[in-house]
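Engineer: Listed here are the chains, written in short residue letters.
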Amino acid sequence: MNLANAAAAVLWIGVTAYALFAGADFGAGFWDLVAGGARRGAPQRALIEHSIGPVWEANHVWLIFVLVMMWTGFPPLFGAVASTLWIPLTCAAFGVIARGSAFAFRKSVTAVWQRRIFGAAFAFSSVITPFFLGTVAGAVAAGRVPAAVGAGNAITSWWNPVSVMTGVLCVVVCAYLAAVYLTGDARRAGDQDLIARFRWRALAAGAVAGVAAAAGIAVLHGDAPGLAHGLANRGLPLVIVSAVAGLAALVLLWRGWFVAARGAAAAAVTAVLWAWALAQYPFLLRGRLTIAAAAAQHSVLMATLICLAAGAVLLIPSLTWLYVLFQRSGPPPARGVPDRGR
Amino acid sequence: MILAAGAAADPVAARSQMGFSLGWHIILACFGVGLPGLVLFTEWRGLRTGDPVLRLLARRWAKALGLLFAVGAVSGTILSIEMGVLWSGLMSRWGQVIGLPFAIEGIAFFVEAIFLGIYLYGWDRLPPRVHLLSGIPIFVAGVASAFFVVTANAWMNTPAGYTLHDGRLTGVDPWAAMFNPATGPETVHMILAALMVTGFGTASVYAVAMLRGRRDRYHRLGMLIPLTAGAILAPLQIVAGDFAARLVADHQPAKLAAMEGLSRTTAGAPESLGGWYSGGELHYALRIPNGLSLLARLNPHATITGLNSVPPADRPPLVNVVHLSFDLMVAIGFGLLALGLWLAWAWWRHRDTPRTAWFLRAVAVSGVAAVAAMEAGWVTTEVGRQPWIVYRVLRVADAVNPQPGIQYGYWAVVAIYAVLTVVTIAVLRHMTKSVAIPAAPQDADAESYTVT
Chain D
1 MNLANAAAAV
11 LWIGVTAYAL
21 FAGADFGAGF
31 WDLVAGGARR
41 GAPQRALIEH
51 SIGPVWEANH
61 VWLIFVLVMM
71 WTGFPPLFGA
81 VASTLWIPLT
91 CAAFGVIARG
101 SAFAFRKSVT
111 AVWQRRIFGA
121 AFAFSSVITP
131 FFLGTVAGAV
141 AAGRVPAAVG
151 AGNAITSWWN
161 PVSVMTGVLC
171 VVVCAYLAAV
181 YLTGDARRAG
191 DQDLIARFRW
201 RALAAGAVAG
211 VAAAAGIAVL
221 HGDAPGLAHG
231 LANRGLPLVI
241 VSAVAGLAAL
251 VLLWRGWFVA
261 ARGAAAAAVT
271 AVLWAWALAQ
281 YPFLLRGRLT
291 IAAAAAQHSV
301 LMATLICLAA
311 GAVLLIPSLT
321 WLYVLFQRSG
331 PPPARGVPDR
341 GR
Chain S
343 MILAAGAAAD
353 PVAARSQMGF
363 SLGWHIILAC
373 FGVGLPGLVL
383 FTEWRGLRTG
393 DPVLRLLARR
403 WAKALGLLFA
413 VGAVSGTILS
423 IEMGVLWSGL
433 MSRWGQVIGL
443 PFAIEGIAFF
453 VEAIFLGIYL
463 YGWDRLPPRV
473 HLLSGIPIFV
483 AGVASAFFVV
493 TANAWMNTPA
503 GYTLHDGRLT
513 GVDPWAAMFN
523 PATGPETVHM
533 ILAALMVTGF
543 GTASVYAVAM
553 LRGRRDRYHR
563 LGMLIPLTAG
573 AILAPLQIVA
583 GDFAARLVAD
593 HQPAKLAAME
603 GLSRTTAGAP
613 ESLGGWYSGG
623 ELHYALRIPN
633 GLSLLARLNP
643 HATITGLNSV
653 PPADRPPLVN
663 VVHLSFDLMV
673 AIGFGLLALG
683 LWLAWAWWRH
693 RDTPRTAWFL
703 RAVAVSGVAA
713 VAAMEAGWVT
723 TEVGRQPWIV
733 YRVLRVADAV
743 NPQPGIQYGY
753 WAVVAIYAVL
763 TVVTIAVLRH
773 MTKSVAIPAA
783 PQDADAESYT
793 VT
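Chains as they are written, first to last, in the working numbering: chain D, 1 to 342; chain S, 343 to 794.
I should point out that these hints are in silico values taken from the structure, not numbers from a laboratory. The beta carbon of each residue, even a glycine, is placed where N, CA and C say it ideally should be. Mixed in with the good hints, there may be bad ones.
Which chain S residues face chain D? A few, computed with CB under 8 Å, are given here [unchecked claim]:
#: 1; residue: Met425
#: 2; residue: Asn743
#: 3; residue: Ser776
#: 4; residue: Pro780
Hey, can you work out the whole structure from these sequences and the hints?
Structural biologist: Shown next as structure tokens:
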């Protein structure tokens, strides 16, 4: 594997991590939005706040990692994508800032009306951010981004069937991941009512995600036949893995094996992302810009990858400590459903 | 299509948007760099002495840190996105040259975010000593982040580490790009500025409370600890600033000329304070004979390059903005130095802060003043580099995203940040008031205050 491919793989690992971790945080915001009135929704919102509070900032850093990796490793790709897709990216940026600050503000105020306003801002922006990021992904996948800076159409490049479908799919997948993760967190908190609610939501969101993904294939055939072809050929094994893992996650949820369900749900999302990557390999922008053509100088890739490898030595144990510390230390678990997933 | 009908490539809107969001973010970034140091120091002293006042201060500062870090993290992300959305022409070509420090900064930011989560949410879950240690990476990584990000800005001032062949980038040495000539002075200057903004900014909050009559030990320490940090750093900052200005004299003569309002290349140039630049001359300035030559070259008769040394198209267009911002920064820097000396003198004489209310008033304005100086410094260096985005390599007008409608993004940014400013200040004020500070804090007051 040459350095440019290695850098592309690292970039894609960043995208995957952002989807799996920050995606779930966005999804938690979605469930916050639909949790109901201030009193009825309070236990769900408390669980959401408890679950994402310590980790969302660390999860959010994956986005910065992806952006930096793009402009360092593949500067023409970054210039092309960011200039043509400046509208959805700017909207996503506003969503990011509203989500993060509203979440922090909500923790710091006590009056119900204030918590309501910040809660609404947090939840609403948690839905629009993955939507706009999804439209960006969809625009790239559908081949709507020319390789030259600012050469694409500012609107139709991302406001088209594939992009919008990808945006919606992102929102649904985030909600699905969040519900699966939160079901496990609810069990640790020992709250039967919350377990039931989130399990039901995870099953529903999983089913909707499956239907949306299937519908997406139909949209792809019409609007982005090149990608559809890639998914049906080189990407096919991973598409199948994704479908199987997605179904398995639903079964595991149904049976109450929540930890295993988390793994299966994450595997389903990961497989879709890598199927897309394989389907358009070796292109970053289909038919326009290959990995090799966009790659930075050898010296840059080498220095960056070495630094990231050194950074990983610091980060992996640190991240592990963060997740383990707060996965273990919820409120003391109540008796009830035995945790068969462990 | 409405947007397509708008004006094409708009460097003014893009510059305004970048300047506005960067100028906003950097205030929070300063607290993100400095506040962990303050919280850790106070927690450590509280742990050693068992003093509930210190322990309560540490907790309350940590809670503010949590809020400021969150808003700073997301407002910093906007900047990463804007790098591409606004400056696609810069990033599509030069992104790889300045990418390495950003990649390392990404790691540092990861470390900050991870350990901030552990530190804040682990306050009552971890043993005290482990908890204290878990905070150290936040401070180290915060300072490191500031260093790496500023190296990229330093590169825009003194680009290095690449070779061009027929206008094509043929070789990149990312380490040479990172450690370009401006890196040393600029990073030191900014890190000190961040620590000073935190020190004077935090102290000013307590000075205001003391002026309102709360002169108990909690407020006195709340003022004294950060103020001492600021006072220690103020003289170092003047040395660092001098170092940075001399670097500008060597590498960016047109910027230095704009900073001084020096229109013609002059031997034995005077140091000009204030005034107004128009018609190619600086009017009404207070001039110290030979001052500039002495400061910039350590020789009173040295020749200093004036604005006329570069073609009009390559001169910074807003000389007054550059010159007056620079003077404002320097004036505030010396004012903060004087404030520090006042504190040191009073402490030496009677082991106490000065007793006059004028001292509290001075501390109360020092926070805003430190922020103003830091912003004025950024205005000086950024506006002084115009019309270049990368000095003598790439013009701003050639770097901007050519898509129509960029100005709408600018107006949206202004509106969103206006709301964010009001809300952030309101929530910070609410946090200080929602749990009253007891007149004489006990252990129970410290232990019951929730950090998150």
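Engineer: For each hint, tell me whether it holds in the structure or not.
Structural biologist: Hints and how they fare:
Given the 8 Å rule on beta carbons, the hint for methionine 425 (chain S) holds: about 7 Å separates it from the nearest Cβ of chain D. Hint status for asparagine 743 (chain S): holds, given a least beta-carbon distance of 4 Å to chain D, under 8 Å. Because the closest C-beta pair between serine 776 (chain S) and chain D is about 6 Å apart, less than 8 Å, the hint holds. Against a cut-off of 8 Å between C-beta atoms, the interface hint on proline 780 (chain S) is violated, since the closest Cβ of chain D lies about 19 Å away.
When each numbered hint is compared with the structure, a violation occurs for hint 4 only.
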